[in-house]
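Trainee: So you can see what is in the structure, the chains are spelled out below.
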Amino acid sequence: MKFAVIRFPGSNCDRDMLNAILKSGGEADYVDYRETSLEGYDGVLIPGGFSFGDYLRSGAMAAVAPVTKAIVEAAEAGKPVAGICNGFQILTEIGLLPGALIFNDTHTFISRDETLKVTNSRTAFTTGYQPDETVTFPIAHGEGHYYCDDETYDALKRNNQIVLKYTDNPNGSRGDIAGIINEAGNVLGMMPHPERALEALLGSDDGKKIFENMANWEAAHNEIQ
Amino acid sequence: MKKIELIVTLQPQVLDTQGEALNRAVHELGHEEINDIRVGKVLYFDIDETDEAKIDESVRRLSEKLFANTVIETYSYTILDEVAE
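Here the protein sequences come in this chain order: B and D. For the first sequence, the working numbering gives the first residue as 429, with consecutive numbering after it. For the second sequence, the working numbering gives the first residue as 13, with consecutive numbering after it.
Bound conformation, chain D alone (with noise of 0.2 Å):
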């Protein structure tokens, strides 16, 4: 058992108004320093599995029909720890 975690992002032509709205109030609070703010979304799940290619076919075949629409979306993920069972 694996424990994964998924971040779905808007690919970078995608307007992200949350982003903008961010990215405003940041430098209303003074923090001109930051920029680009873009915001996404983290999925942790976890996974029957520890063969990394079936966990690899798993998380992708899952992202591409729902965690992610790939028109707008990019995604990545990470394999966490051993989960104890």
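The following block holds chain B by itself, in its conformation from the complex (with noise of 0.2 Å):
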């Protein structure tokens, strides 16, 4: 599996992102947001960071660059595509995934490790945890606070879109909501830093299986059927 590590501008997890699939086995190359094709790519990951200086609103900018339209035709494809932090934000900008990134509630950027419940482990990206699994992955953000609508909820809560959920809500998203997929189960979004817990030495290794799911897709795919 070749992943994509989207840069642009403001990025600033990308060595993160492609030193976590390289890890896990998968192949990754850098790719700017001017392209237009993800062509020979089996996978998208999307990074963290301040794309384009948060500029406007999280995300926006990025979910109107030239690469994007190749991450929605990916996307609809089936590949996996994964954004992390303002990757999740920018997924929600694209509208590959729904709702909305807003401010944590005490307006404040937190930096720290939180603890999660990976509430859907049968997905391709959670398969492996076990269910209601409890993980550790740092977060740090200033717009983690997970909006949508009531609506959106129920459905992503009928679909079990939910994947993973804060123990201790540290921004005000609804439900506890830290990660959420799309319908067809192969878009994933979340705020936590997954890519930065891959050693237990440094931390936490939490992270590994993430990536080593993607990195194995078809295998974590069948694993679930």
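Please note: incorrect hints may appear among the correct ones.
Restricting the straight-line Cα-Cα distance to at most 30 Å, the calculated cross-link-like pairs of lysine-lysine (DSS-like) are [as the list claims (entries may be wrong)]:
#	chain 1	residue 1	chain 2	residue 2
1	B	497	D	53
2	D	77	B	507
3	B	497	D	77
4	D	77	B	585
5	D	53	D	14
Part of the chain B face toward chain D, derived, beta carbon under 10 Å [unchecked claim]:
#	residue
6	487
7	527
8	560
Derived DEER-like restraints, expressed as beta-carbon distance ranges [to be verified]:
#	chain 1	residue 1	chain 2	residue 2	range
9	B	629	D	23	41 to 47 Å
10	D	15	B	463	34 to 40 Å
11	B	543	D	38	49 to 55 Å
For the record, the hints were derived by calculation from the structure and aren't laboratory data. Even for Gly, the Cβ is constructed at its ideal location relative to N, Cα and C.
Taking the hints as your guide, dock the two standalone chains into a single complex.
Mentor: This is the structure we're talking about:
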């Protein structure tokens, strides 16, 4: 599995993303936001950071960048697409994931380890985690408050699209939501950083499985059938 | 050529943390009569078009696609005076 790690001006977790997928047995290249094709790639990783300086709204400018059309095509083709932190914000701005990320309810930037619960381990991204397994991933965001209307929230619950929840909600997110997938199950967005949780020596290696699953997408997919 | 004033605000049910912080600051300044502060954005731009229907189409299309996130925001615009060319 070869992944495109998209680089926007202001992306700052791109090296961690590349490292995470390479370490997990995948292949990956950096792909510039001005590219218009993702031919030859089996998946897409959208890293965290402050793409385009968060001008207008976080993720808004990235959502209209030249590479976006190719990201949408990859998602529609069923390829794995994962957006972490700013990547999640970008995926909601594009409309590949429902809802929006607004300012933390304290209006402060929060950077710390956060305890989360894997609320759906029957997805190709999260297979291998125990149901309701508790994991520790760092968070680092000012706009991580997940917002959606009642109808969207009910649909997320009904379709088991909520994959990660905060155990102690840091930002006001609706229903403690930290990460969701699309209905088809091939697009993942999450605010916490699994790519910063790969080494027990550095605090936590709880994030490894997500990248191993993506690097072995077909096997992961078969596991949940 | 016309000048457009586009106002983007959070929908009323969306938490406005900036507005809340300002509200507290204003009360600390002794102005208890002020409440429900909502913070939005104003965009000004020129459009090389005079036909109002075409202006409406362009402004709406761009507002829906980029200027506003209609999941959390609403927008409205006013056509200001003719811009001297």
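Trainee: Could you run down the list of hints and mark each one as holding or not?
Mentor: Hint-by-hint comparison with the structure:
Distance hint between residue 497 of chain B and residue 53 of chain D is fulfilled; the C-alpha atoms sit about 27 Å from each other, no more than 30 Å. A distance of roughly 24 Å separates the Cα atoms of residue 77 of chain D and residue 507 of chain B; the hinted pair therefore holds under the 30 Å criterion. Of the pairs offered as hints, the one joining residue 497 of chain B and residue 77 of chain D holds, with about 13 Å between alpha carbons and a cut-off of 30 Å not exceeded. Taken as a hint, the residue 77 of chain D and residue 585 of chain B pair is honoured in the structure, with Cα atoms around 27 Å apart against an allowance of 30 Å.
Restraint check for residue 53 of chain D and residue 14 of chain D: the C-alpha separation of about 20 Å stays at or below 30 Å, so the hint holds. Taking 10 Å as the C-beta contact cut-off toward chain D, the hint placing residue 487 of chain B at the interface holds, the least distance being around 9 Å. The criterion of a C-beta within 10 Å of any C-beta in chain D is met by residue 527 of chain B, whose closest approach is roughly 7 Å, and the hint holds. Restraint check, residue 560 of chain B versus chain D: the minimum CB separation of about 28 Å is more than 10 Å; hint violated.
Hint check: residue 629 of chain B to residue 23 of chain D, Cβ distance near 46 Å, so the stated range 41 to 47 Å holds. Range check, residue 15 of chain D to residue 463 of chain B: about 36 Å between beta-carbon atoms, so the 34 to 40 Å window is met. Evaluation of the 49 to 55 Å hint for residue 543 of chain B and residue 38 of chain D yields a failure: the beta carbon distance comes to about 37 Å.
In summary, the structure is inconsistent with hints 8, 11 from the numbered list given earlier, while agreeing with the others.
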